[in-house]
Amino acid sequence: MSTSWHVSAHVVIDPLPAGWRDRLAERLGQRPRRIGPWAELALYGARCCLDAAEEAALPAGTTLRVGSRLAPMAAARAIAEQSRNGLPMPFAFMQSQPSQMLAALSQHLVWQGDARFALCQDAHAALQLAQQDADAPRGLLVGWIEEDRRTEWWRLRA
Amino acid sequence: MNEVYLAGRGLASALGPDLACALVALGQGGVAPTRFEVAGGFAWPYYAMADEEADWMARACRIAQRVAAESGALAGPRTGPLFLCSSSLDMGALEDHSLFDGSDPNFPALVAGWLDWRGPVFAISTACTSGLNAVLSARSLIRNGHADHALVLGLELRNRVTVGGFGGMQLLSATRSLPFGEARSGLVLGEAVAALHLSSRPARWRVAGGANVVDGQDPAGPVPGAVTAMCRQALADSGVAASDIALIKPQAAGSPSGDAIEAQALREVFEPLPALVSLKAAIGHTLGASGAAELALLTACLESGVWPRVDYPLDAALNAPLAEQAPQRARHVMASILGFGGGHTAVVLEDCDA
Chain A
1145 MSTSWHVSAH VVIDPLPAGW RDRLAERLGQ RPRRIGPWAE LALYGARCCL DAAEEAALPA
1205 GTTLRVGSRL APMAAARAIA EQSRNGLPMP FAFMQSQPSQ MLAALSQHLV WQGDARFALC
1265 QDAHAALQLA QQDADAPRGL LVGWIEEDRR TEWWRLRA
Chain B
449 MNEVYLAGRG LASALGPDLA CALVALGQGG VAPTRFEVAG GFAWPYYAMA DEEADWMARA
509 CRIAQRVAAE SGALAGPRTG PLFLCSSSLD MGALEDHSLF DGSDPNFPAL VAGWLDWRGP
569 VFAISTACTS GLNAVLSARS LIRNGHADHA LVLGLELRNR VTVGGFGGMQ LLSATRSLPF
629 GEARSGLVLG EAVAALHLSS RPARWRVAGG ANVVDGQDPA GPVPGAVTAM CRQALADSGV
689 AASDIALIKP QAAGSPSGDA IEAQALREVF EPLPALVSLK AAIGHTLGAS GAAELALLTA
749 CLESGVWPRV DYPLDAALNA PLAEQAPQRA RHVMASILGF GGGHTAVVLE DCDA
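For the protein sequence lines, the chains are A and B, in the order given.
Using this note's numbering, the final residue of the first sequence is 1302, and nothing's skipped along the way.
Using this note's numbering, the final residue of the second sequence is 802, and nothing's skipped along the way.
To be clear, the hints were calculated from the coordinates, so they are not data collected in a lab.
Do not take every clue at face value.
[Stated by the list, open to error] Stretch-level coverage of chain A by chain B, calculated; a stretch enters the list once three of its residues show a Cβ under 8 Å from a Cβ in chain B:
no., stretch
1, 1217 to 1224
2, 1227 to 1239
3, 1254 to 1263
Cβ coordinates follow ideal geometry from the N, Cα and C atoms, glycine included.
Take these sequences, add in the hints, and give me the full structure.
Below, the structure written as structure tokens:
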């Protein structure tokens, strides 16, 4: 069964504006804690998309999906290097885990629900998977992250 | 809508290179964890596979091919979606050799190449819940007619970063894995590669439904309201009542606070509690692979009657005893994983032969 979706908001942030992390902190009223720039980029894109959709928080029951071609590579590089250098407890371990981005989205979008992150080389395939996964009556927030470069988000409703 | 079935499965773990070996080892009381050294003299208990090959990538390739073949998925067309589930991906290779410079480290595509898999490739990365989330995504595609088969491949192999990371957060036990145990003191990690071959063709185990609930209030542990929401949503999605569930395989990772939160939340939804079983004292917590690994082992245990021994005192305060033998009849079984990043995921299986 295929659901017909309509786009209630679509934001493309490319290139990233100067000072985008400061803008995010200002919009949230606080600087996000314990997450790295990769997860902050997801948070920035999601927040901009919800603002474009005129939604203060993500409504309960909305499905959240995030995709990327790569995991948080800056953090992965850092912890791999720390491990090679004999550091027993890598400092950026939390930031290397994509799941922490989902926790941050939940926290800052004031939302509990079905969220998933997938690595995929094909953004279109990731978007299709997100649409298949979504609980149609409740809508979908889906985002794509390219670390240090761009992010794109859609707010979809059935 | 199509129904979704478990057409085949494979597992390599500390219990052995395949499921047959795992059942033999489990029937003989299981295996003890070894010690995994990270750096600086730190070492932690760890459920390692008895496979000493030093080249991480060659080892991963060989094990993934063998486990996928065991599931039967490689005997078919290999054109459905492949879901790789892992918390650490190829970190074991990256920490040994810097592969970043000038390359595109696309590990999921590399794994697909190992299996000569020609369908779309997704790597679900939601930490410990990755495997069960992959099952739910695969189910969506098959149910909606976008695929007639899928392979869920959980892969979590030795690396110092993950063990050191969990150790640094003081989440690991220095002794052993004691799910729901009186003396539980933390997680014991393990490595595993598991394959679940899902198909629209009827088989013994039907994937009846499930639910995934993320709650960021605690990014490193379970949230009580999210556990109950997960259970209730999974039951509703599966079209069954709490009283229909004959067996639950909870997360039960041996965490002092996590186990207590989970047991209490389960009692809120299931009263009285059905039989409970934990597999983490048998294979360790295999993180991103755990959902697939524990489903593979759980269904094999239920079919064979081989059951994990509970050779330690359980925490009476939890009021959540682990079953000492397989239930006589378990038509509906719930398996859940609670994870890092606020993930709470459950899948309900129906034994069509029960």
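Hint by hint, here is what the structure shows:
1. A count of 5 residues in the stretch 1217 to 1224 of chain A with a Cβ less than 8 Å from any Cβ of chain B is obtained; the coverage claim is therefore met, three being the minimum.
2. For a cut-off of 8 Å, the count of residues in the stretch 1227 to 1239 of chain A with a CB near a CB of chain B stands at 9, and the three-residue condition holds.
3. Counting residues of the stretch 1254 to 1263 of chain A whose CB lies closer than 8 Å to any CB of chain B gives 8, so the stated coverage by that chain holds, three being the minimum.
The structure is consistent with each of the numbered hints, conforming to all of them.
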